[in-house]
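Between the sequences and the hints, there should be enough to build the whole structure, so can you do that?
Number of protein chains: 2
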Amino acid sequence: MSIIDLFTQDSVALSERVSRGMQAFYTEKDDVAEFDQRQLLDKLSSLSIPEQPLSQDDYMDMVDETILPQCSHLASPTYLGHMTSPLPHFIPEIGRLTQTLNQNMVKMETSRGLTLLERQLLKIIHQQVYSFEESFYTPYLRDFSQTVGIFTSGGTMANITALWVAVKKARTHSPQVKKWMIVGSELMHYSFDKAAALLGVELVRLPVDEHNRLNLESLRQQCNACQQKDIGVACIVAIAGTTDFGSVDAIDQIASLAQDRHIHLHVDAAWGGAFMLSKDNRALLNHIEQADTITIDGHKQMLMPIGTGMLFFKNPIDSQVIRHTAPYAVRETSLDQGRFTIEGTRPANMLYLHACLHLIGKQGYNELFNKAMENIRCMARLIGDNPAFELLSAPTINILGYRYIPERYRGKTLSPQDNVVINDFNQRLQKIQRANGKSFVSRSKRKFANYDEQELVFLRVVILSPLVAEEHIRFVLQDQFTIAQELEKTID
Amino acid sequence: MSIIDLFTQDSVALSERVSRGMQAFYTEKDDVAEFDQRQLLDKLSSLSIPEQPLSQDDYMDMVDETILPQCSHLASPTYLGHMTSPLPHFIPEIGRLTQTLNQNMVKMETSRGLTLLERQLLKIIHQQVYSFEESFYTPYLRDFSQTVGIFTSGGTMANITALWVAVKKARTHSPQVKKWMIVGSELMHYSFDKAAALLGVELVRLPVDEHNRLNLESLRQQCNACQQKDIGVACIVAIAGTTDFGSVDAIDQIASLAQDRHIHLHVDAAWGGAFMLSKDNRALLNHIEQADTITIDGHKQMLMPIGTGMLFFKNPIDSQVIRHTAPYAVRETSLDQGRFTIEGTRPANMLYLHACLHLIGKQGYNELFNKAMENIRCMARLIGDNPAFELLSAPTINILGYRYIPERYRGKTLSPQDNVVINDFNQRLQKIQRANGKSFVSRSKRKFANYDEQELVFLRVVILSPLVAEEHIRFVLQDQFTIAQELEKTID
Numbered sequence: 017m018s019i020i021d022l023f024t025q026d027s028v029a030l031s032e033r034v035s036r037g038m039q040a041f042y043t044e045k046d047d048v049a050e051f052d053q054r055q056l057l058d059k060l061s062s063l064s065i066p067e068q069p070l071s072q073d074d075y076m077d078m079v080d081e082t083i084l085p086q087c088s089h090l091a092s093p094t095y096l097g098h099m100t101s102p103l104p105h106f107i108p109e110i111g112r113l114t115q116t117l118n119q120n121m122v123k124m125e126t127s128r129g130l131t132l133l134e135r136q137l138l139k140i141i142h143q144q145v146y147s148f149e150e151s152f153y154t155p156y157l158r159d160f161s162q163t164v165g166i167f168t169s170g171g172t173m174a175n176i177t178a179l180w181v182a183v184k185k186a187r188t189h190s191p192q193v194k195k196w197m198i199v200g201s202e203l204m205h206y207s208f209d210k211a212a213a214l215l216g217v218e219l220v221r222l223p224v225d226e227h228n229r230l231n232l233e234s235l236r237q238q239c240n241a242c243q244q245k246d247i248g249v250a251c252i253v254a255i256a257g258t259t260d261f262g263s264v265d266a267i268d269q270i271a272s273l274a275q276d277r278h279i280h281l282h283v284d285a286a287w288g289g290a291f292m293l294s295k296d297n298r299a300l301l302n303h304i305e306q307a308d309t310i311t312i313d314g315h316k317q318m319l320m321p322i323g324t325g326m327l328f329f330k331n332p333i334d335s336q337v338i339r340h341t342a343p344y345a346v347r348e349t350s351l352d353q354g355r356f357t358i359e360g361t362r363p364a365n366m367l368y369l370h371a372c373l374h375l376i377g378k379q380g381y382n383e384l385f386n387k388a389m390e391n392i393r394c395m396a397r398l399i400g401d402n403p404a405f406e407l408l409s410a411p412t413i414n415i416l417g418y419r420y421i422p423e424r425y426r427g428k429t430l431s432p433q434d435n436v437v438i439n440d441f442n443q444r445l446q447k448i449q450r451a452n453g454k455s456f457v458s459r460s461k462r463k464f465a466n467y468d469e470q471e472l473v474f475l476r477v478v479i480l481s482p483l484v485a486e487e488h489i490r491f492v493l494q495d496q497f498t499i500a501q502e503l504e505k506t507i508d
Numbered sequence: 017m018s019i020i021d022l023f024t025q026d027s028v029a030l031s032e033r034v035s036r037g038m039q040a041f042y043t044e045k046d047d048v049a050e051f052d053q054r055q056l057l058d059k060l061s062s063l064s065i066p067e068q069p070l071s072q073d074d075y076m077d078m079v080d081e082t083i084l085p086q087c088s089h090l091a092s093p094t095y096l097g098h099m100t101s102p103l104p105h106f107i108p109e110i111g112r113l114t115q116t117l118n119q120n121m122v123k124m125e126t127s128r129g130l131t132l133l134e135r136q137l138l139k140i141i142h143q144q145v146y147s148f149e150e151s152f153y154t155p156y157l158r159d160f161s162q163t164v165g166i167f168t169s170g171g172t173m174a175n176i177t178a179l180w181v182a183v184k185k186a187r188t189h190s191p192q193v194k195k196w197m198i199v200g201s202e203l204m205h206y207s208f209d210k211a212a213a214l215l216g217v218e219l220v221r222l223p224v225d226e227h228n229r230l231n232l233e234s235l236r237q238q239c240n241a242c243q244q245k246d247i248g249v250a251c252i253v254a255i256a257g258t259t260d261f262g263s264v265d266a267i268d269q270i271a272s273l274a275q276d277r278h279i280h281l282h283v284d285a286a287w288g289g290a291f292m293l294s295k296d297n298r299a300l301l302n303h304i305e306q307a308d309t310i311t312i313d314g315h316k317q318m319l320m321p322i323g324t325g326m327l328f329f330k331n332p333i334d335s336q337v338i339r340h341t342a343p344y345a346v347r348e349t350s351l352d353q354g355r356f357t358i359e360g361t362r363p364a365n366m367l368y369l370h371a372c373l374h375l376i377g378k379q380g381y382n383e384l385f386n387k388a389m390e391n392i393r394c395m396a397r398l399i400g401d402n403p404a405f406e407l408l409s410a411p412t413i414n415i416l417g418y419r420y421i422p423e424r425y426r427g428k429t430l431s432p433q434d435n436v437v438i439n440d441f442n443q444r445l446q447k448i449q450r451a452n453g454k455s456f457v458s459r460s461k462r463k464f465a466n467y468d469e470q471e472l473v474f475l476r477v478v479i480l481s482p483l484v485a486e487e488h489i490r491f492v493l494q495d496q497f498t499i500a501q502e503l504e505k506t507i508d
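In order, the protein sequence lines correspond to chains A and B.
Numbering-wise (the working numbering), the first sequence opens with residue 17 and increments by one.
Numbering-wise (the working numbering), the second sequence opens with residue 17 and increments by one.
Be a bit skeptical, because a hint or two may be false.
Heads up, simulated SDA-like pairs for lysine to any residue below, C-alpha to C-alpha not over 25 Å straight-line [what the hints assert, rightly or not]: (1) A:K295 to A:K184; (2) B:K463 to B:F405; (3) A:K378 to B:P66; (4) B:K194 to A:T188; (5) A:K194 to B:F405; (6) A:K184 to B:I247.
Keep in mind that the hints were calculated from the coordinates and are not lab data.
Next up, the structure:
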C-alpha cells in the first residue's frame with residue numbers, strides 16, 4: 017500500500033465501523049466498569065510505532081477494545097456533574113465536513129469566504145448580547161481593521177485575551193503606574209490565575225455575599241485601597257454563571273463602579289452566556305451589555321463541540337489592541353482575522369455555530385434552557401424535601417450545590433467539628449459514586465457564609481442535557497442514598 | 017419538533033448529504049471562481065437567528081450554496097504555498113468519533129483512560145525526538161506529578177508555554193535580574209512576539225547567515241552584551257524548519273552556547289519536527305535532542321487536522337513549573353493533565369495522532385517525506401533551469417523561495433532600484449495568480465545576504481501532499497509564466 021492510497025481511498029467501510037463503535041458506546045449500559053488503572057497502564061506502556069500500517073479493520077478493533085471502553089460517559093442522563101454535554105446528532109457530521117475542508121481561519125488565503133462568514137457569526141452573537149441597532153454593525157461589514165469578537169480554542173484563551181487587552185490599555189493610558197491588579201470574586205475561574213501569571217499582574221480574589229455574588233462593599237474597598245497605594249486596577253471581572261454555584265454577579269452595580277473609575281469590565285459568561293439565546297431566561301443576564309468584554313463558550317451550553325470559545329468587544333476598537341503582524345502571515349493591511357487572536361492557525365469551528373443557529377434555532381435554545389431550568393428546580397425541590405440532604409446553593413441558573421447529612425447530624429445545629437466529619441463523609445460518598453460509575457455528580461470545596469465561612473465539601477450538579485428527566489434525577493439521589501447507607505456504618 | 021429529537025434522531029440522511037458535499041468539493045474543478053467579496057458580504061449581512069430550525073435538507077442546501085464554494089482549495093495539488101495539507105481519508109471519520117465521545121482532556125473525570133493514552137502518545141513522540149532509553153520513561157508511567165509533554169491547540173500555544181516555562185525558571189533562579197530577553201533569529205515565527213508581549217520580556221531578532229540560519233556570531237555578541245548590562249537571557253530559540261525558507265538552525269552549536277551559559281534552549285520544530293518519523297530524512301534534525309523544550313505541530317506535517325500542537329520537555333520536571341490548581345477542577349494531587357496546560361477544556365485531539373501512527377506507520381511517514389523532498393527538489397531544479405526564475409533559497413526541507421525575473425533584468429547585475437521593480441512585479445504576479453485560483457504559491461518579503469541585505473519579495477513554495485506530481489509543479493510554473501507575460505507589458 018502506498019501513502020497515496022490513504023488520500024484517495026473512499027471511507028465507506030471505515031465510516032460504517034465508526035458508526036458501529038459510536039452506537040456501541042451509546043447503547044451499551046451507561047454505567048462503566050470500575051476503572052482498573054494499573055491494568056490499563058500496563059496495556060499502554062509500549063513506546064513503539066508500528067513500522068507497517070494496520071488495516072482499517074484491525075485498527076478499529078483496537079479502538080473498540082482499547083479506547084471506547086475507557087471513555088467517560090459524559091452523555092449519560094445520570095451524569096449530572098459535567099459541563100460537557102451530549103451533542104446533537106448533527107455535530108459529528110458537521111465535524112466531518114469541517115475536517116475535510118480543513119480551512120485555517122488565521123488568514124483569508126486559507127479560509128477565503130469563511131473569514132467573512134466568521135465575522136458575520138460574531139456579529140450575530142454580539143448583537144444578541146449587546147442589543148445594538150443594526151446600524152452599529154454596518155461599518156464593520158467593510159471595515160476589517162477591527163472586529164466585534166474573536167473565536168478561541170476555549171474560555172481560558174478568551175479570558176486571557178480579554179485581560180491582555182485590559183492590561184495593555186491600562187498600561188498605555190497610565191504609564192506612570194508601576195503595579196497593576198485584576199479584581200473579581202473568589203469564584204473566578206482558574207484561567208484568571210493563569211492570565212495574571214502570564215501578564216505579570218496580581219489577581220485579587222474578593223469575598224462573595226450569601227448568594228455567591230461578588231461582595232460589592234469589598235470591591236469598593238479594594239479599589240479605594242489600590243488608589244491610595246498608587247496601584248492600578250486594570251480590570252474588574254464579573255461572573256455570569258460561576259462554575260461552582262451558577263451564581264451571577266450584580267453586573268449593573270459592578271458596571272457603575274467600573275465606569276466611575278474608568279476600569280475595564282470583563283464578564284466571564286463562559287457558562288451562562290448562552291442563556292442570551294433563550295427569550296424566557298435571558299433576563300438572568302440583565303445588564304451584561306455594560307461589559308467591555310464578554311467571554312462565552314460555545315462548547316458549554318450552545319451544544320457545540322469542545323474548542324469553541326468566543327470573546328466579544330463592546331467597542332470593536334479594543335480589538336486593535338492586539339493587532340500584530342508578520343510578513344509571511346498576517347499582513348497589517350489584510351482582512352485576516354488572525355490579526356486579532358493570540359492563537360495562530362485555527363480550525364473553522366464557527367461552522368458548528370452556523371449549524372447550531374440554523375438547526376436548533378432560537379426556539380430550540382429556548383426549549384433547551386427551559387428544560388434545563390425545570391430539571392434543576394426539580395432536583396432542588398427533591399433535595400429540599402429529603403432530610404438526608406441539605407441544599408447549599410439554590411440554582412440561579414442550571415447549577416446547584418448540596419450535601420448529604422449523616423443521620424446523627426440531622427435537625428441539629430452543626431458545629432465546625434461536625435462539618436469536618438460531614439466533609440469527609442461527602443468526599444468519600446462522591447468518590448465511591450464516581451468509581452461505581454452508575455451516576456455522577458462532581459465535588460467541590462468552598463467557604464459558606466451561613467456556616468461562618470467554614471469550608472464545606474459539597475456535591476455539585478450541572479444539568480443541561482434535555483435527555484435528563486425526573487426519573488434520572490431521582491436515580492442519582494437514590495444511588496447516593498444507597499452508598500451513604502453503607503458509609504453511615506463506618507462513622508462512629 | 018422537540019429539542020430532544022436533535023439528540024435522538026439518527027444521522028444517516030444527513031451523513032449522506034455531507035458525503036455528497038465533500039465529494040463535490042473534491043471532484044469539482046480545483047480552481048475557484050474569482051472571489052467576489054462585495055457580493056458575498058451582501059449575502060452575509062443579516063444578523064438574525066432563525067426562530068424555527070431549518071430542516072436538514074434545507075440547511076445542507078445552504079451549506080452547498082453559501083459555504084462550500086467559498087472555501088480555499090487547500091487540498092489541490094496545484095496549491096503549493098500552504099502549510100495546511102490535505103488529510104488522509106480516515107481523519108474526518110476519526111473526527112466524527114472524537115466529537116461523539118466529546119471527552120474533555122483537562123481532567124480525568126471527563127476523559128478517564130484517555131488521559132493515560134494521551135500520556136503514552138506523548139512519550140512515544142518524546143522518545144522519537146530525544147531517543148532516551150525505555151527505562152527513562154518507566155517512572156513516568158505511574159508518577160503523574162510531571163509529564164514529558166503536553167498537547168495544545170497549536171504551535172503558538174506550545175511556543176508561548178515553552179517561553180513561559182523558560183522565563184519563570186530564569187526569574188526564579190535569578191530574582192535579582194530585572195530585565196529579561198528572548199533571543200533567536202529574525203525568522204522566528206510571530207508567535208514569539210505574542211509570547212514576549214504577554215510575558216513582558218523583550219524579543220531580540222538576530223540576523224541570519226547566507227543559509228537563513230541564526231548567525232552564531234551575532235548570538236554570541238548578543239549574549240555578551242546582555243551579560244555586561246545585567247540583562248538576563250531567559251531563552252534562546254532555534255528553529256527547525258523556518259516558515260519562510262524551511263532552513264534549520266545549527267542546533268548543535270547553539271546548544272553548546274546555551275549550555276555554557278545555563279540558558280534554556282527552545283527548538284521551534286512546528287514545521288520540521290515531523291521529519292523525525294522518517295528514517296531517511298531524520299538526519300536533517302540532528303542534535304534536536306539537545307533542546308530543553310521542542311514544539312511540534314501535528315496538523316502541519318503529521319497529517320492531523322488543525323488543532324494539534326505539542327510541546328515536549330527534555331526534563332519532565334520542567335512541566336511542574338506551570339502546575340496550578342483549582343478546587344473544583346484540577347486538584348494538585350490529581351492525575352489530571354490539565355495541571356500542565358495554559359488551556360483548560362481541551363478536545364481529545366490526540367486520538368488523531370493515535371490513528372495516524374497506526375494507519376500511516378513509520379513506513380508511511382517515510383514515504384511521505386521522501387516524496388515531499390523529491391517534489392521540492394524537482395521544483396528547485398525546474399526553477400534553476402528556467403532563466404525566467406531565480407531560485408532564492410534552495411530547499412533544506414520541503415520549502416523553497418524564488419522569484420520571477422522580468423526579461424529585461426535577466427543576465428545582468430541587479431541594482432537596488434531594479435529589485436524594487438522586481439519586487440513590485442512579483443507581488444502583482446502572486447496576487448493575480450491567487451485571484452485566478454488555478455494554482456497558488458505564497459508570498460513573503462525578507463532581507464537577502466547576496467543582495468546586500470535588501471528586502472526582496474519572493475514566492476514561497478511548500479510541498480507536503482503526496483498527491484503532488486511533476487506535472488502539477490510544471491503547471492504552477494507555467495501558470496505564473498503566462499501571467500508574467502501579460503505583466504511584462506505593463507513595465508517600461
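- Task: Sort out whether B:I247 lies within 25 Å of A:K184, counting only the CA atoms.
- Result: 23 Å, holds
- Item | 25 Å Cα cutoff - pair B:K463, B:F405 | 18 Å, holds
- Message: Need the status of pair A:K194, B:F405: alpha-carbon distance at most 25 Å?
- Response: Given that 25 Å is the threshold and the Cα spacing comes to 55 Å, the pair is violated.
- Query: Between B:K194 and A:T188, is the straight-line Cα distance small enough, at 25 Å or below?
  - Reply: 21 Å, holds
- Task: Would you mind confirming whether the straight-line C-alpha gap from A:K378 to B:P66 stays at or under 25 Å?
- Result: Holds - the C-alpha atoms of B:P66 and A:K378 are around 6 Å apart, at most 25 Å.
- Message: Can you confirm whether the C-alpha distance between A:K295 and A:K184 stays at or below 25 Å?
- Response: Between A:K295 and A:K184 the Cα gap is close to 36 Å, so the pair fails against 25 Å, i.e. violated.
Of the numbered hints given earlier, the model fails hints 1, 5; all others are met.
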